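J.: Sequence:
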Amino acid sequence: MSRILDADAPQGELAAAAAAVDAALAAREAAIARGDELPLIETVDAAIALTQRLVTAYVAAAGQKAPPHEDADFLEVFKVLVKGDPTWNAIRDNCRELVYYRNCINMGRRDALPKVPEKMAVRTARHVYLYIKTRCVREGRLAD
127 MSRILDADAP QGELAAAAAA VDAALAAREA AIARGDELPL IETVDAAIAL
177 TQRLVTAYVA AAGQKAPPHE DADFLEVFKV LVKGDPTWNA IRDNCRELVY
227 YRNCINMGRR DALPKVPEKM AVRTARHVYL YIKTRCVREG RLAD
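Following this note's numbering, the numbering of the sequence shown begins with 127 at its first residue and continues without gaps.
Calculated directly from the structure, the hints in this document are not laboratory data. Only a predicted model underlies this, so the values are computations on that prediction, with no experimental measurement involved. Each residue gets a CB set at the ideal place from its N, CA and C atoms; glycine is no exception. Check the hints yourself; a few may be wrong.
Unchecked claim - Estimated spans, in silico, between C-beta atoms of each pair:
no. : residue 1 : residue 2 : range
1   : Arg160    : Ala192    : 37 to 43 Å
2   : Arg222    : Asp148    : 18 to 24 Å
3   : Gly161    : Glu265    : 37 to 43 Å
4   : Met233    : Asp148    : 30 to 36 Å
Work out the full structure, taking the sequences as your base and the hints as a guide.
T.: Here it is, written out as structure tokens:
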């Protein structure tokens with residue numbers, strides 16, 4: 127039985143965000159497995175947006191900090207998560223990697239990206255998802 131009863135409560139929003147992020151990442155992973163070419167800019171932006179959605183939902187569900195504004199920069203959102211709980215720094219480099227990809231694209235420096243940045247963006251976002259989901263299960267915020 128799921129511990130999440132009210133979809134409108136912060137815990138329900140966290141469960142909905144986790145499910146949506148998982149589904150969106152799974153769709154991109156399936157495309158990669160089929161050998162489809164993912165559009166770089168769209169994929170990187172989606173990876174950042176999905177990760178930001180999950181982090182924001184966690185902050186809201188935890189209820190200990192004011193959730194970041196909707197238009198907040200991704201790294202600012204991450205700072206809200208980490209403040210007062212440095213254990214979240216375990217995923218800091220992953221979050222910064224996604225922003226690095228976007229910055230390289232914006233600066234016209236695709237040569238500075240790894241060989242398959244769209245695949246790496248999806249894998250990095252999946253890593254962050256798994257870390258947050260596992261932590262939420264351990265904390266009793268989400269059912270496994």
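J.: Give a verdict on every hint.
T.: Results for each hint:
no.	hint	in the structure
1	Arg160 <-> Ala192: 37 to 43 Å	holds (42 Å)
2	Arg222 <-> Asp148: 18 to 24 Å	holds (22 Å)
3	Gly161 <-> Glu265: 37 to 43 Å	holds (38 Å)
4	Met233 <-> Asp148: 30 to 36 Å	holds (31 Å)
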